[in-house]
Every structure is written in C-alpha cells, then in structure tokens.
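Which chain is which? The protein sequence lines are R and X, in order.
In case it helps, our numbering puts the first sequence at residues 23 to 309.
In case it helps, our numbering puts the second sequence at residues 27 to 312.
Treat the hints as calculated values from the structure; they're not laboratory data.
Please note that a few of the clues may not be correct.
To give a feel for the contact side, a few chain X residues facing chain R, derived at Cβ under 7 Å [unchecked claim]: (1) Leu119; (2) Leu249; (3) Thr252; (4) Val283.
Every beta carbon over 10 Å from chain R, so not counted as near; a handful from chain X, in silico [as the list claims (entries may be wrong)]: (5) Ala34; (6) Arg80; (7) Val98; (8) Val173; (9) Leu190; (10) Lys192; (11) Arg193; (12) Ala196; (13) Asn200; (14) Leu203; (15) Ala204; (16) Glu210; (17) Gly243; (18) Val299; (19) Phe303.
This structure is a prediction, so every number in the text was calculated from the model and none was measured.
Backbone N, C-alpha and C fix where the C-beta goes; we use that ideal spot for every residue, glycine too.
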Amino acid sequence: MDYLYSYLILSEIYVLLGLSTNLLVGVVGIFSVSQAAVFGVGAYIVGDFLLSGTLSFLPAVAVAAVACIALNVLITLPSLRVAGDYFVVTSFGIQLLATATFTNWTWGTGGANGMPGVPPPDLFGMQISSTRGILAVSTVAAALGCLAFWLILRAPFGRLLKAIREDELAVAAAGKGVLRAKVSAAALAGAFAGVAGGVYATYLSFIDPTSFDLDASILLLTMVVVGGARTLWGSVLGPFLLLALPQLLTLIAIPTTYAATMQQLVYGALLIAFALFRPQGLLGERL
Amino acid sequence: MLLLQLLANGIVTGSALGIVAVSFALIYSTTRVFHVAHAGVFTLGGYLAWSLVRAGVPDLLALAGAMAGCVVLGAAIQRFLYAPLERRGAAQLVVLIASLGTLAVIQNLLAAVYSPDILQFPSAWAGHVFGLGGLRLTGAQLATVGVDFAAFGWVMWFAHGTLLGKRIRAVAANPFLAEITRLEPRRVHVLVMAIASALVCLPGVLGPLDYGLQPYGGVTPLLTATIAMIAGGIGSLAGAFFLAIAIVVLQNLSLLVMPGEWSIGVTFAIFIVFMLFRPRGLFASG
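Chain X extracted, bound-state conformation (with noise of 0.2 Å):
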C-alpha cells in the first residue's frame, strides 16, 4: 500500500514537474536560451496567486492574475535582456550569467517582500483529504493532476495542431530560413516565454497549495526538470513530460531504502547514467 502511495505522489508531483520541463524545452528549443530564471517565474507565479487569495480573490481568479503576472514577466525577460543580448552576439555564457543574476534577482525580492519563510495558502479544499480505494489524496493533489494533464494535452495540440504553434516549431528547426521566410523569429521568442511562462504558472501555484511557499524553491524543481528534458531528448516535448514523471516516481521510490534529504542524489544520479550512456536522450529528434 504504502508502495502505491509512492507511486500516486510520484505521479503527481511528476506531472507538476512535467509541465515545468515541457515549458522550459519550449524555450530551449526555440530561443536556445538555458532559461535558468524560469525558476523565478515558477516561484512569482504562486506568490502573486497567494496574494490575490489573501485579498479575497476567489481561487481561479487568483489563478488567473498570477498566470497573466508571469505572462508579463516572461515577456518581458526576453524584450528587456535576451534580445538585447542576442543582438549584441553576446556569448553564451553572458545569457546565462545575466538569467542566474534575474533568478537572484526574483527570488531575493520575494524573500524581501513576503519573508523568507515558509507560506501556507489559506484555501481550505487544498488540504481536503480524499480516500480512492486506500489512496489518499488531497484537493491540491487531485487539482495538481488534472490541471497539469490537461496542460499537457493543449501543449500538444497547441505544438502540432495550430498555425502559431507550428510557427513556433518552424522557427525552433531553423531560425534562419525562418527569418527569411517572414516567420519573425523575435517576436516568436516573445511569443514563446509568454506562453511558456502562463504554463509554468500552473504547477508554480498548484505545488505550494499542498506544500507552501518558499522563495528559493524553485531551484530543485528546475533542475530536476532540466535533466528530464536531457534525458527525454531535446526537442521532444512529450519526452521532457514522461521523463519527469518517471524521475519523480524514482525519487519517491527511492524513499523506501533511503531517507527524503538525499532524493537529489537519486535524480542527479539518473542524470549521470543519462550523461554516460545515453547522452543524447531518450527520443531526440534529428
């Protein structure tokens, strides 16, 4: 029983997970930016969804506001630093410098905003336990689920079934003839961190409803994200979602023989093995 409990969490909070990584292979595939501040994102999205609750928002609204608050943010990350940066052939290591110092940046404003400790959202249906059949699960579990899911699902057929998004592909596989061929690539990157930061708005709220929030946290989640986009190929938005759920099912796993504190050891080992045999990932394209 307690083996299915693992399993069920693992699921969960992989599909959290998911979303984060689908999100960041977005931008990654399409602006080659390795967006480290997207951990920022993630982390503004449930503060300002925290805030709009205690202003007695109702929850979806709350919802809403904070995923139009990291649309802005997202957005403008790209306008204000990325591009000016890309325009200026700035190295790639000088994008990744000025995307940790925006990490600092976001979270050390929000530990200096809201404090640095622990936040609980006061919505009560959060901490409602449900019973499936000796599962037990609360409300932000469930909603955690269902919301990242159905996330997925648009992702994809956002990706592969609309104009824009098959846009956003074309200007991913070749920037240049995109650029020639009128597709506008820099508005497309805009374009591309609006939307992927509304997404990782989702998991950003739904996480802290069950387990709080916390300025630096995002830091973990990104990187186990990162290593599911590796291992499920770059380029592979379906393999950075599947890869994340299955790394969270071998962390929670993992807590049968080995104790909580050393489940980053668990992922960053899978990272490894990833690195050594199969470095190009599980379903790279091209």
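Okay, chain R solo, but in the shape it has when bound (with noise of 0.2 Å):
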C-alpha cells in the first residue's frame, strides 16, 4: 500500500513538471533541458527554509515558486530574442551550471552528499507526517496546477498562445504581444516547477543534486513527448506511464548497478522512436 501512495505522490508531482516542461516546450515551443535545473532550485529553497525553521511550508513553497518563476523567465528570455538553436547552448548550459552548483555550493545545497532531513510540510501549524497527508498535499497540488493549465489554455490567453505556434508573424502583425504571452508561460512554467520542486523535498526529506541533473531534464522532456505536448492529458498521462518504467524493468531481472542507464536508454529510445512515428505523442497535438 505504501508502495502505491509513493507511486501515486512522485507521478503527481511529476504531473506539474510535466505541465511546467509542457508549457515551455509544446505551448512556447523552445527545446528545453533545463526544467529539471528550476525544479531542483524550488526543492533546495524550500528545503533551506524548512530547515533552518525560518518559514513555514506555505510560505516557503511560495517563495520558491517566486524564485523559480524569475529565473524561467531569466533563462527563456534570450532565447525569444535570438535564433531558437541558441537556446539549446543557454539550456544545456543552465543545466550543467545548475548541477555544478547543487554539487559544489556544499553551503546552500549539502553538496554531493545531499541535504538530509528535511521535515515533512506543515499546514496551518500543524505537521503532515503520514504518508497519505503527504498523499492528499500532492493532489491538491496536482489538481491545481492541472485546473490553471485547463483555464488557461482554453482563455483568451490560451488561444493566443496557440496562434502563436501556428504563425508568429501573424500574430504580431495584428498587434498581440507575442513576447509578453511567451514570457508569460514561462514565468507560469516556473512556478509549476518550483511548486513541485517544494512538494519533492518535504516528501522525500533527502534530496541531492542526482534528482535535478541532466538525466533528470531528459526525463520531463520525455514524459511531455510520450504523453502528448500542448494537452492537459498527455501531460497527466506522462509521469504516471514512465515513472511505472522502473516497475517494469525490475520484472525483467536487470542488475541494480544498471538499472538507471538501462531506463536512461529506454527513454532515449522513446524520444527517437516518437519523433519518427508519432510527433503528437500519445494524447496531444502536433509538435
């Protein structure tokens, strides 16, 4: 039983970084590696803050989407300005930069030994320690990042950010604000991520810098390919399917020691394999 509410607690906080990739990736349309990088900087705010007693969960994980919402819009900025290639430079250099530091900052992150004890959340004073508390916290969250994700893309707002995939040029000729709206999704992106990024830490209480790498960014991409980009279900439907992956290899009987780079390999084919057969993913639009 245990074991299902940890499935159902990691896919659902999966879910809004599946949005948050999704947004970026599928709605913008700007190849991203990075949003592991953002998730773990939310991760490590709030654990420092809970640690250290300072805030409380509520207010932590605000701050933390605050602080993730400026630095989405700080990464995605350059790449609205330039060529969408150079994006690909600025995101695998976030990333490496990102898991530089987490590794190296032994301060403000434990370093590579990870920053352990972290508490469990608290609401309105009191401690959610059991694992269904824990349980009921990530739904909520899932369930409302999922509900602005529905509202916006069907808005006005939504709409326009889907004319802006169709043509660009378009969309700016008949005077809509084009960067304001991307902006706009990535700061969105943002605090989905460092939401998410707040949940992760209080429920694992030990994080380190493996859960935000560059092998961790590959992941959320390929959730966002798998499940489908620029719907709410193909997002949903991401995390739950590739977090049940490991389940599945450890059937096969794969020694531990690989049981990483074998699921790393599986993802990568998956991402080869959709972009050759079926671009929209499973449940989403056309890339």
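Hints are included, so try docking the two chains, each in its own frame, into the full complex.
This is the structure we're talking about:
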C-alpha cells in the first residue's frame, strides 16, 4: 500500500513538472533540457527554509515559486530574442551550471552528499507526516496545477499562445504582444516547477543533485513527448506511464547497478521513436 | 611558470575542442541540424579505440578503426534519422528531440557495455612526460596538439581547395539552388556527417588517452564547442577553431582564481557576453 502511495505522490509531483515542461516545449515551442534545474532550485529553497525553521511550508513554497518564476523567465528570455538553436546552448548550459552549483555549493545545498532531514510539510501549524497526508497535499497541488493549465488553454490567453505556435508573424502583425505571452507562459512554467520542488523535498526529506541533473531533464522531456504536447491529458499520462517503467524493468531482472542506465536508454529510445513515428505523443497535438 | 603551463594545457585541450567545434560547425552550416548526438559520436570513438587497443591492435590502427566506426554511425544517423525527419517536414524541435534521444541511447549503451566508471587507456607512451623548457606535457598532449592542428589544416584545405569541399559549401550556402543544379544536397548531407564524425573521433580518442574515458563525458566538450562555433560566427570554420582555443585557455587561466568545478560557469559566462554584445559572432560570414 505504501508503495502505491509513493508511486502516486511522485507521479503527481511529476505531473506538475510535466505541465511545466509542456508549457515551455509544447506551448511556447522551445527545446528545453533545463527544467530539472528549476525544479531543483525550488526543492533546495524549500529545504533550506524548513531546515532553518525561518518559514513554514506554504510561505516557503511561495518563495520558491517566485524564485523559480524569476529564474525561468531569465532563462527563457534570451531564447525569445535570438534564433531557436541558440537556446539549446543556453538550456544545456543552465542545466550543467545548476548541477555544478548543486554539487559544489556545500553551504546552501549540502553538496554531493545532499540535504538530509528536510521536515515534512506543515499546514496551519499541523505537521503532515503520514504518507496519506502528503498524498493529499500532492493531489491538491497537482489538481490546482491541472486546473490552472486547463483554464489557461481555454482562455483567450491560451488561444493567443496557440496562434503564436501556428504563425508567430501573423500574431505580431495583428498587434498582439508575442513576447509578453511567451514570457507569461514561461513564468507559469517556473511556478509549477517551484511548487513541485517544494512538495518533492518535503516528501522525500532527502534531496541530492542527482534528482535535478541532465538525466532528470531528459526524463521530463520524455514524459511530455510520450504523453503528448500541448494537452492537459498528455502531461498527466506521461508521468504516470514513465514512472511505472522502473517497475517493469525490475520484472525482467536487470542487475540494480544497471537499472538507471537501462531506464535512460529506454527514455532515449522513446524520444527517437516518438519523434519519428508519433510526434504528437499518445494524447497530444502535433509538435 | 604556472601561468605558462596553464596556457599550454589550454592550447592542448583547446585544439581538441577546436576540432569538435569545426566538425559540429560543418554539420550545422550544411544540414541545419543542431546535432546534439555529436557528443555521442565523440564518446563512441574513444571507446572503440580503447577496445581495439585492449584487443592488441597497434595504436594507429585502433585510431583508424575507431574513425571508421564513427563514420558509419554518423552516416547512419543522417540516413535513417535526420533525412526521414526532413522528408516529413518535421519541426526543428522534433529533430532536436530525436537527436537528444540518440545521444541518450549512445551514452547509456556505452555505460551498459563498458560500465559507467572511468576507463584508462593502457598505452604507455601517452602518459610519458616530456619536459620542454620548463613546460611539462604528456605524450598524449603532444599528440593531441599535433594531430588536431594538422586536422584543422586539412579541413581548411578540403573546404576551400577541393571540388567536394566547394560542393559542400555550395549546399550550405543555398540548399535550394544546390538542389536544382544537381549538387544532390541529400548525398552531400550524408557525406558531411561521415566526414565530421571521422574528424570528431580524433579528439574523442586523443583526449581520453590523457584523462580517461567516461560514457557521459561528451556533453560538456560539445557545449564548449557549440559556444565556440556561435562566438566564432556561424559559417566560419576558422572562427570556431580559434574561439575554442581561446575559450579553453580562458577556462584554464581561471583556475588561478577559482576552483576547477566552476569552469563550466566561465564558459557559460563567455557565451552570455557574446549573446549580449555580439550575438552573430566574431567572424560571421554574410
């Protein structure tokens, strides 16, 4: 039972991250391999505040969300000004720089040894330490994220984003603020990643740089590509499917030292196969 | 003296990354694909050479064998991945995703076959230290400088002095005109991928002779190389080569003031400066 709960909690956290990546990759249409870095910043900020006891859970998550919004906008802004391919460099650079910071900035992140003992989330003075309680927190967070994503895609703002994807020049010619729309989408993506980071840190109570490295970013991208870009259901399906994969791999008895390698191998193969044969993913629209 | 040694090390590693940058620029300016999987081809070359050397093949033959393997892989990626995607009119984003997927597959296959730990080449001459007027360079470093500068000279001659080189530059300059004048851009694309993959195999083998092989070790060199390509100006092969040397020299000099873990930060800061002040690079053509 605990195992099922843990799968659900992690999947819900990754749904938030999937929505975040989907906003950038699917909706704004830029290649990103740095969403795990933003996720990590959110996790470390919440971890630091709760460990030092300066803030309780909700304010800490709010600070993390604001920081991740700022960071994501800062990362994305250059891509909106220069040619798309340059952003690949920015994105890889940010991810490698973040990993270097998480690993070497011992004072703020615990370095390669990680940050142990992050207290469980608390709401209105009550500590939520049971797995069921945390499941409730992550469910509420994921549901709010899904609701926000759904409302935005239906709203005039969502139609504007879709129009930008179809024909950016035409939208600009119609007098709409293309840059503003893209920056807003990137900001929202940052908020999702920040909240996801906070829930992740408090649920696992231990975080280290390996959860936020390039491989993690590739996993996020795979979730969006497999689930399907630009739809809510795509971002929900992707995480639930891909987090079940490690369990499938244990069924075919791979030595545990190779488990992570095998998972990444499958993610890579999925990226190639979906790009070639089904760029719209299982439940998405054409990329 | 330390300064001079850092400078020398910078030129050695820089010339290696220069060839990575030149080969990447060759692909990017011709096929317009941001070939992220090039990092995988780079890594594969080193592992192939390691296997051949371990099997008792002489070092030079092992290098040639590794280059042949890289040529096959590069041409196959173009023929069976990028070309079909281009035919289907796939968005640039989708091609990038496919390329990233290829990189993940190559890296993790290597990790599964050879283990994710660092492997050292058994070649004794590579570790032998030569003293050059106070400078200390290993055999592998001397080979790196010699081979990579020679390779750069060869590329410049090939691109500007041979018919095939001119054909490649014609396809890069205007794919549409190249198509209607029967320069066969598709075949040229496969050729360019093959040549660039052979080139990137040189630093892919010579670098690890010095500091060992690692399955995930290709991403950072590729990032530095792409930054050099952009800073040098897309379309300028010499710009890519010399900017790569300049960036790595700066990286090495930064060791005087900060620990090595942050050298990725130095590289990235150089990129940001270029993006802000000269986004088209130093020697952009056209």
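We went through each hint and held it up to the structure:
1. Using the Cβ-Cβ criterion of 7 Å, the hint placing Leu119/X at the interface with chain R is satisfied: the shortest such distance is roughly 5 Å.
2. Here the hint on Leu249/X is kept, as its CB sits about 5 Å from the closest CB of chain R, short of 7 Å.
3. Hint status for Thr252/X relative to chain R: holds, with the closest Cβ pair at about 5 Å, below 7 Å.
4. With 7 Å as the threshold, the beta carbon of Val283/X stays out of range of chain R, its nearest partner Cβ sitting at about 16 Å, so the hint is violated.
5. In this structure Ala34/X is separated from chain R by more than 10 Å, as the shortest Cβ-Cβ distance comes to about 25 Å.
6. Every Cβ of chain R is farther than 10 Å from the Cβ of Arg80/X; the closest lies at roughly 21 Å, confirming the non-interface assignment.
7. Look at Val98/X: its CB is around 18 Å from the nearest CB on chain R, clear of 10 Å, so calling it non-interface holds up.
8. For Val173/X, the requirement that its beta carbon stay farther than 10 Å from each beta carbon of chain R is met, with the minimum near 27 Å.
9. Every Cβ of chain R is farther than 10 Å from the Cβ of Leu190/X; the closest lies at roughly 26 Å, confirming the non-interface assignment.
10. At the 10 Å boundary, the C-beta of Lys192/X stays outside the reach of chain R, the nearest C-beta of that chain being 25 Å off.
11. Interface exclusion of Arg193/X from chain R stands, the closest Cβ pair being 24 Å apart, more than 10 Å.
12. Non-interface call for Ala196/X relative to chain R: holds, since the shortest CB-CB distance, roughly 22 Å, exceeds 10 Å.
13. Every Cβ of chain R is farther than 10 Å from the Cβ of Asn200/X; the closest lies at roughly 18 Å, confirming the non-interface assignment.
14. Separation of Leu203/X from chain R is adequate, the least Cβ-Cβ distance of about 22 Å exceeding the 10 Å criterion.
15. Interface exclusion of Ala204/X from chain R stands, the closest Cβ pair being 21 Å apart, more than 10 Å.
16. At the 10 Å boundary, the C-beta of Glu210/X stays outside the reach of chain R, the nearest C-beta of that chain being 24 Å off.
17. Look at Gly243/X: its CB is around 12 Å from the nearest CB on chain R, clear of 10 Å, so calling it non-interface holds up.
18. Distance to chain R confirms Val299/X as a non-interface residue, since its nearest Cβ pair spans about 12 Å, more than 10 Å.
19. Non-interface call for Phe303/X relative to chain R: holds, since the shortest CB-CB distance, roughly 13 Å, exceeds 10 Å.
In summary, the structure is inconsistent with hint 4 from the numbered list given earlier, while agreeing with all the others.
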